[in-house]
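*Asks:* Going down the list, the protein sequences come from chains U, L and B.
Counted from 1, the first sequence has number 192 at position 188 by our numbering; the numbering is strictly sequential.
Counted from 1, the second sequence has number 522 at position 67 by our numbering; the numbering is strictly sequential.
Counted from 1, the third sequence has number 101 at position 49 by our numbering; the numbering is strictly sequential.
I should point out that these hints are in silico values taken from the structure, not numbers from a laboratory.
Among these hints, one or two may not hold up.
[Claimed, not checked] Covered by chain L, according to a simulated footprint, are these stretches of chain B (three or more residues, beta-carbon under 8 Å):
{"id": "1", "region": "201-207"}
{"id": "2", "region": "414-425"}
[What the hints assert, rightly or not] Straight line, CA to CA, 30 Å or less: simulated DSS-like cross-link-like pairs of lysine-lysine:
{"id": "3", "chain 1": "B", "residue 1": "Lys498", "chain 2": "L", "residue 2": "Lys597"}
{"id": "4", "chain 1": "B", "residue 1": "Lys358", "chain 2": "U", "residue 2": "Lys126"}
{"id": "5", "chain 1": "L", "residue 1": "Lys597", "chain 2": "B", "residue 2": "Lys417"}
{"id": "6", "chain 1": "U", "residue 1": "Lys380", "chain 2": "B", "residue 2": "Lys498"}
{"id": "7", "chain 1": "L", "residue 1": "Lys600", "chain 2": "B", "residue 2": "Lys242"}
{"id": "8", "chain 1": "L", "residue 1": "Lys600", "chain 2": "L", "residue 2": "Lys582"}
{"id": "9", "chain 1": "B", "residue 1": "Lys358", "chain 2": "L", "residue 2": "Lys600"}
{"id": "10", "chain 1": "B", "residue 1": "Lys242", "chain 2": "L", "residue 2": "Lys488"}
{"id": "11", "chain 1": "L", "residue 1": "Lys582", "chain 2": "B", "residue 2": "Lys242"}
{"id": "12", "chain 1": "B", "residue 1": "Lys242", "chain 2": "U", "residue 2": "Lys126"}
{"id": "13", "chain 1": "B", "residue 1": "Lys519", "chain 2": "L", "residue 2": "Lys582"}
{"id": "14", "chain 1": "L", "residue 1": "Lys597", "chain 2": "B", "residue 2": "Lys358"}
{"id": "15", "chain 1": "B", "residue 1": "Lys417", "chain 2": "L", "residue 2": "Lys600"}
{"id": "16", "chain 1": "B", "residue 1": "Lys242", "chain 2": "L", "residue 2": "Lys463"}
{"id": "17", "chain 1": "L", "residue 1": "Lys582", "chain 2": "B", "residue 2": "Lys498"}
{"id": "18", "chain 1": "B", "residue 1": "Lys360", "chain 2": "L", "residue 2": "Lys600"}
C-beta atoms are modelled at their ideal positions from N, C-alpha and C, and glycine is treated no differently.
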Amino acid sequence: MRQRPRKGVLIAMDTLVMTSQLPLYAVLASALAPIPLILAGRNPNMREAVTFAAGFLKLWFVMKMLPPVLEGKVLEYTLFEPVAGLPVQFRVDGMSMLFALVASSLWILTSAYAIGYMRPLKEHAQTRFYVFFAFSLSATLGVAFAGNLLTLYVFYELLSMSTYPLVTHHQDAEARGGGRRYLTYLLATSVGLVLPAMLFCYLKSGDMTFAAGGFLAGKVTPTEALVLLLMFVFGFAKAGVMPFHGWLPGAMVAPTPVSALLHAVAVVKVGVFCILRVVTGVFGLDFLEQLDLGLVVSFIAGFTVICSSLIALSQDNLKRRLAFSTVGQLSYIILGASLLSDLAVKGSMAHIAMHAFGKITLFFCAGAIYVATKKKYISDMVGIGRRMPITMVCFLIGSMSVMGLPPTGGLISKLHLLLGAPDSGRWWLMLFYVVSTLLNGAYLLPIVFRAFFKTGKHFDAGTEVQEAPMFCLVPLTLTAIGSILLFFFPHLVFELASLMVEGS
Amino acid sequence: MLDLIIAKFNYWVYIVLMMIGLYAMIAKNNYIKKLIGMTIFQTAIMLFYVSIGAKQGATIPIIDHHGDGGDHGEAAEAVGHAVETAAHAAGSLDPDAYVNPLPHVLMLTAIVVGVATLGVAMAVVQKIHDQYGSIEEDEVLKRIKL
Amino acid sequence: MDIVQQAPILMILCPFLGAFAVSLAGLIQRRWCYPLTVLFTAGSAYAGLGTLIQVLRTEGGVIRYRMGGWEPPFGIEFRLDALNAAIALMVVVVALLVAIYSRQTVASETAGKEGHFYTLFLLLTVGVLGISMTGDAFNLYVFLEISSLSSYALIAMGRGRAAFSCFNYIIMGTIGASFYLLGVGYLYIKTGSLNMTDIARILQEHGLYSSNSVRIGFLFILIGVWIKMAFVPLHRWLPNAYTFAPSTTSCLVAPLMTKVSIYVMIRIMFSVFNPEFVFGVGPRSDLVVWLAVIAMMVGSFYALAKNKLKMMLAYLVIAEVGYMVGGAWLANATGLTGAIFHILADGLMTLALFLAAGAIYYKRKSYNIVATKGLFGKMPFTMGAFAIAALSMIGIPPTCGFFSKWYLISGGIEAGHWGFVVGLLTSSMVNAVLFFRILERAYFEKPELPYEPGRQGKNALNFVERKGVDEAPLTMLAPLWAASLGLVLLGVYSGVVIDFISRYVNSVGFQ
């Protein structure tokens, strides 16, 4: 029906595997941070200095891995071997690198933002907050570096556990409900779906290491493959594929830095990252194409994209609206992967990074508004552009990136995703993207428009400029600038993404 | 049918006794009666063991050394020696002439175990009586519910 | 003779001689009982380590220790291979940790009876160790009764319904042991031997597997150990007995007694008999697995309905028994590996949970779940360890609970027994609900004590709520954390342990 030249098969052949302890150090940098964090607990300045130190250390380790990875090497480190022949192992390739870079650089910005957010609001138990934040970053990197399904699963679960205290940080009835929902969804799906699917894969193929082109091909029947694929797609509920998206809006009870980093970047992206890994490394694009399984996932993801955008339209709580927007954007990525075309998969990968910068800006803005004005609802934000112009400009940039308008990074990844649809021979799947982009505009742009050009009951013409504290403002400006920079310099992102696609 | 019962009557005896014991343990209301049932149950198994050591026309397993008298110490030593080498010296001794002593010895241990269990159980019953003023299960249950 | 050669016997002699020493000390100076107990269990643990090393070093991985130099099958021998060396070590480690832990609980719950308590404690250890080491079927019965008798007495020392539930336990326990004895009798009739290896050899050589006596013997032994391990539907005695026992007793009894009975079952199934017989002629094996599934469900859901922490944990023990029996009866090597690994893992998990429950009781004077409210603030270290153990029960990696489930589920998939797989997953999720219900209370709510009707008048405890952190003493926290960290370590190093266990599993000879 359609032919797609698979270039780069040769490159995959001579990929060099080298043993390196760098991935371990990168993970440990934040995993060990809690010890000094707790010791410095009584001195907030000291404590936050530790967080920054750990953040930069982590970023440095990640950066050090960049050159060899760009050369096409795979860095490997075996932690331990709980099951004979099945180690818990790090394998850093282009895909891991891309995700790790995004997560660790945004962690530093979020740490800065957290200072600006937590201190003015006089949040309780801040030490605990930083401790679990550091833990969850370690788990995120663990997922990024995971070399096989077992490792992926181990860190996936650890991430669920270490983010629970963050989600429920306020320790009130609402947090309790949100936290309960969070764990119910995540644990039920991971234990109930991923674990058996993973074991089944292992028993059928005797292998778990992500391989270029997957390891399941020819080992399972088409029916089994379909069931397994669905179990994985739904099982990694962090990706928020409907109907397992319910935890995400619930988890918005968390303090905004948590929502920003974890629920726009780390946790949810871990979900889609896992699905991408499974699609490329477990099944392999060729195998899925051969069985024509992409379409099923396309429909599930497409449905989620449209539905969540529609729901987002009706939300008045800003963070909830952003949460549903995230649900939709995540399914963009899954939809891209399900197209099984090189271009679209590359776009998916890049969209993880692009969307991360855009969405974290939006969350930062929402938090900044809350810190400065204690406003949570969009209806109360009419005219707020007069009070917080910088924040709202950044909000505009973030929105544009999420929608995919120039000059933001979102455009580039979205273009790849869009073009991937005809590339895969199903041009009509473009419709999902087009419709949802319009919907994105419909639920994001009015906020900005009304902020600047309308006057509301809280902010009228005479409102003076009064921004959130510097620690809030600077990070969100930086991420907004980042979004624009990614438009002009997307090379690194695509280089890493292509590494992965060509590897497969 | 009758043949079967007669040929293996030891089995039937132990099964009947065991059932009586089991019945008492489960159905009786009084704790002491339950314990009596327990003892019958254990005794049934002991009987079973003892009966399987028996042989037609065999005698007690004490080796007769035909006037090799001497004092007691020596005799005991000799017996110990005999047992030790019984396997090798099977030729010189006729195993069919002796009852198998092992099950009996095992049951000595089992009897000790049974007595100890009974002792502990009696003590517990006493504690129950102290606590609830009764050794009837239904009355005790009634008091627990209160 | 080399002292290392004597390690197996030293392992059991230490607590045995300790029992005499402690009972004497109880008469002279009660303060000595605790240090003596710790000392003797520590000696036993040390010897246990030596034994394990010896097993590792021996070619073929089997060491046999002959009592008094009598050759088996006439003499009694201790026979240690990859299966029971690990279990024996677990037993002594559990005993040591509980001994260290017991200082305050014994003094407060069974004041004035330290001498008796610790004597029985050590005798129980002797019994359980004996069961796990002996190679003689009748000797096993004797050890079974030694451990049972001491556990009866230990449980009866508790308050409230302890004596009443203990009586039921005595009745059931005696029936169980008697059935075991009866089964051994039938095997003896046919084989004329009591030594397990010897029985296995004779059964094999003379092709006795088709004999009715042998089959009945096997069945009786199974029923016996099933009663002892509280396998559904023979589980009714367990929850009350474990709940009302003094906390030290439940800490010792809960991890050891059921696990060791499962060991006996596995030993009989695969060392005395072989898979071909067990799964070929015995009761239909998938029925047993279904029973195991029912056990998991009964245990988990009853646990959900209980509002006493210890009662809940006791029902979980029943569910876990289902895991292990099911794993062993899946009739494949993976399932058996999982079952054996789970014996070790569950021993530690149960220990950690009961230790935590005991620590909570020590500080809050109540087992009611309400008493766990706000405990993350009051007892952060206890709850931290409790949380790790809870994660292991749910099966979150990298704790050992995850890896045992890994093998059990793999075994289930391999055997094509989907009921078992689903049952296991369901039970994991129920565990998640169960434990997060407690963790949530401890994390979100304000500390408060439950109103308990029995608390007025004479029974009222002079409980004064202290402000701020009110943590259990170090002698309780240290063993608790040792157990919890042990869970993580056992998970991380599960590869090594599984390697060791596989030596036994491979020798079983599945097709």
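*Asks:* Does the structure keep Lys597(L) and Lys417(B) at a Cα separation of 30 Å or less?
*Replies:* Roughly 26 Å between the alpha carbons, so the hint for Lys597(L) and Lys417(B) holds.
*Asks:* Assess, step by step, whether the Cα of Lys498(B) is no farther than 30 Å from the Cα of Lys597(L), and give holds or violated.
*Replies:* violated (36 Å)
*Asks:* Decide if the proposed pair is consistent with the structure: Lys582(L) and Lys242(B), CA atoms, cutoff 30 Å inclusive.
*Replies:* Outside the cut-off at roughly 43 Å; violated.
*Asks:* Given the hinted pair Lys600(L) and Lys582(L), is their alpha-carbon gap at most 30 Å?
*Replies:* Cα-Cα ~18 Å, so holds.
*Asks:* Can you confirm whether the C-alpha distance between Lys358(B) and Lys126(U) stays at or below 30 Å?
*Replies:* This hinted pair is violated, its Cα atoms lying about 39 Å apart.
*Asks:* Take the C-alpha atoms of Lys597(L) and Lys358(B), compute the straight-line distance between them, and say whether it is at most 30 Å.
*Replies:* holds (21 Å)
*Asks:* Next pair to validate is Lys600(L) with Lys242(B); report whether the Cα-Cα distance is within 30 Å.
*Replies:* violated (50 Å)
*Asks:* Is the coverage entry for the region 201-207 of chain B by chain L consistent with the three-residue Cβ rule at 8 Å?
*Replies:* Since 3 is at least three, the answer is holds.
*Asks:* CA of Lys519(B) to CA of Lys582(L), is that 30 Å or under?
*Replies:* Outside the cut-off at roughly 39 Å; violated.
*Asks:* Hey, Lys242(B) versus Lys126(U), does the alpha-carbon distance stay inside 30 Å?
*Replies:* violated (79 Å)
*Asks:* Quick one, are Lys242(B) and Lys488(L) close enough, alpha carbons at most 30 Å?
*Replies:* Since the Cα atoms of Lys242(B) and Lys488(L) sit roughly 35 Å apart, the hinted pair is violated (cutoff 30 Å).
*Asks:* If you draw a straight line from the CA of Lys242(B) to the CA of Lys463(L), is it 30 Å or shorter?
*Replies:* holds (15 Å)
Hints 2, 3, 4, 7, 10, 11, 12, 13, 17, counting from the list given before, are not met by this structure.
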